[in-house]
Amino acid sequence: MSLPLLPTTAVGSYPKPEYLLEARRKFLRKQISKEELTALERRATAEWVKIQEDLDLDLLVDGEQYRGDMVAYFADEMDGFAIAGLVRSYGNRYYPKPVVTGPVGRRHPVTVEWFKYAQSLTLRPVKGMLTGPYTIAEWSFNEYYPTRRALVLELARAIHDEVGDLERAGARYIQIDEPAIHTRPAEDFELAVEAMAIVTSGIKAYTVSHICYGDVPKVYPAMLRLAVNQLDLALKNEEFALLETFRQQPFTKDIGLGVVDAHSHRVESIEEIADGIRKTLKVIPVQQVYVSPDCGLKTRAVDETVGKLKNMVLATKLVRSELASARGRPAGVAG
Amino acid sequence: MISTVIGNYPKIPDMPNPGKWRSGVEKLQKGQITEAEFHQIEDEVTLEAIRDQLDAGVDLLTDGQIRWEDGQTYFARRLRGFSINGLQRYFDTNIYFREPVAEAEVAWETPIAVRDFEFARQNSPRPVKAVVTGPFTLAWLGRTTHYRSPRDFALALARALNHELRALQGAGATVIQVDEPALCVPSVDYPLFADAMRALTEGVTAQKVLATYFGDVGGVYPQILELPFDVIGLDFVAGYRNWDVIRRAPFSKGLMCGILDARNTRLETVDEMLTAIRRISAVVPPDRLMVAPSAGLEFLPRGVARRKLQRLVEGTRAAAAALKGAPA
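Here the protein sequences come in this chain order: V and P.
Here my numbering runs 64 ahead of the position in the first sequence, where the first position is 1.
Here my numbering runs 16 ahead of the position in the second sequence, where the first position is 1.
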């Protein structure tokens, strides 16, 4: 199944249904087994795959129902990490921050089983979904490696092995999230580029990197050197102000265009979203554009998430039909 | 030589203890508790933060800034002229804040941190300092659609916050700290910074501390010694270049030296602290030193933050004893 023009997709996470939140609480209190929890995570994953199909998204995600946090999940499943405790991210959002206490590495494939399961539920392509080495390092405390560089490159080799395993398991689209990549641009951006080159080295699958909430202009156009096919960015958060940056230096990769705010309760209207896409198409050629929310939607309520995705798909279809009718216009009529 | 903290402190206890502040925010959002009930929770958590500092033996406390959603919106929401925009990354951290946008003339209407300061002072037998986010950093991390230039914006904020400093002084604050981490960004507009600090501190006679963190002050040293502050706070962890910077000119003020890493869980040893303080006291005499973490402790889980406080005090006391009678 090939993707249509302006493929619609999502960044990764969806909210967990109440029964899963309850099960996670019970699991922490040791009132249910790991198997019981996993069964509910599979159920929630299947529900999200079905919702995405019903909404007619083109490139699906598994919704990350099995993850608490995008870094802690990998830390839990890999060697060399412990969890230091909860640290605040913003408002009353907290995340369990890992601490590197020894040599880091994979014990076993981390996400492959979840990818295979989600893909088995649908004929539409599902993205393999990983957290990148720079972000894992940056969002962990480090009590072991003498330098950040040593830690990042070691993690890059581990994530590369995971990308390879996903590809062998049939993933044609693999996303490596690097939301921390612009944390210290002057000091570290080359390191992040070097790490991503290791991660995707020899990989034939279509690769994406999601980057959000930070000073993107500061790492542009340098970010175009990241060894991935697509950069997925949060445009809506700043009302498409980034387009100014892309107007000055052409965006040479594909873009995952964030068109709905992942951290507001408001469901954007179809017209509002379509407007964002139209604005973008004046700056970036349509063949390079994928349509997506700004970020993972796990902090939204389920109805907000469905509302945002639904309007996103409808807005994309509206723009597609506008493009089709524009192309269908008789020659000689000014556009 | 005394021990102090930079400001914020973890709002929730370590797992699996319930975080009453966190569930309080949720209940408030869902309308299950009133504002007044939520403020009660904030007071209780503030008492926990004060208790941890007292138990550790910290000499000069803060209230832990439990009521601050972040350093920017806490002030911007209470000043006139601001609206609050989307999430932004806070410097090079993994903390996010909502961007304040000045859409009209900025003005101080009502005391912002005064009640918090009074509450902390009433509940601490040891001295408490008041902390205010500085106008330069507020302007740096904010945005304006009203002012024509960054200069106009920062100076308007400085004049507005001058009222806050005066109100804190009027409420009995004898030490007032102004946080200006944006002074550490490269190619800072120092003439503007200096003008803003003059407007901010006009008529304020309390002991004034300028706190910088997340970097070094190499680009503005020794000029910052001319600023109207009694104590300058420097981060010797993220701003490791400060070790060399302070040797460039005689350090004529008090120094709040941030030598304990507030952003990593690794616990420094007393020996490491002793070595660091000895090195600094070769430039600044011990009686002009305040020893501190490199930044606010809210980057750490509470259990680690508590151990850092204990180590801060152990290290400071060991250094004070070792340096007593040592030639200045």
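It is possible that some hints are incorrect.
Taking lysine-lysine and the DSBU-like style, the derived pairs with C-alpha atoms no more than 30 Å apart in a straight line are [what the hints assert, rightly or not]: (1) V:K90 / P:K269; (2) V:K362 / V:K94; (3) V:K94 / P:K46; (4) V:K180 / V:K282; (5) P:K340 / V:K98; (6) P:K269 / V:K362; (7) P:K340 / V:K90; (8) P:K43 / V:K94; (9) P:K36 / V:K94; (10) V:K381 / V:K282; (11) V:K98 / P:K269; (12) V:K343 / V:K180; (13) P:K36 / V:K362; (14) P:K340 / V:K362; (15) P:K36 / V:K374; (16) V:K362 / V:K317.
In case anyone wonders, no lab produced these hints; they're calculated from the structure.
Taking the earlier hints as the rules, which of them does this structure contradict? 1, 4, 5, 6, 7, 10, 11, 12, 14, 15
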